[in-house]
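Enquirer: Sequence:
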Amino acid sequence: MIRSHVKQTFRIETGLSRDLTDLARRRGLTRTEVLEAALRSFLSPDQEERIEALLTRRLDRIGRQLDRIEWHGEMSGEALALFVRHWLTSTAPLPDDALPAAQASGKRRWEAFVDALSRRMEAGPKLAAELMRDVGSAD
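FYI, the numbering for the sequence shown is 36 to 174, going by this note's numbering.
Be a bit skeptical, because a hint or two may be false.
Claimed, not checked - Pairwise CB distance ranges (calculated):
1) Ile104 to Arg155: 10 to 20 angstroms
2) Thr126 to Val170: 40 to 50 angstroms
3) Ser79 to Val119: 57 to 67 angstroms
Please keep in mind that the hints were generated in silico from the structure rather than gathered at the bench. Just so you know, even glycine gets a beta-carbon here, dropped at the ideal spot from N, CA and C.
Build the full structure now, drawing on both the sequences and the hints.
Expert: Pasting the structure below:
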């Protein structure tokens, strides 16, 4: 079947032109064939379905990311609750005369903890990654 063609002149970005040439070469097609296929796809009536499929995939990915965020939040809350329960049940109250020294020591330890937490949040490794690695190595 012989199709008629109309010569068109378009300006496209240099990088896009390079990508077009590379794709045509890899697929063994002419640049015109690649452009015609792309235009047909873009102008086809099922374009809306393709966009919907693309959006659905993206929303699914976002949903999985939100599930992971929820899991990390729950894990953090549970870890904190376990720590607080352990601390409250294993730490004896201090006598009144030892309280000022304990408060000063607590302040220094708190500042060291905040510094360590800041470094860990910036560089890692994160607790979830360590847990996943530990769980993976236990199998």
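Enquirer: Please write out, lowest number first, the hints stated earlier that are contradicted by the structure.
Expert: Hint 2 is the one this structure does not satisfy, whereas the remaining hints hold.
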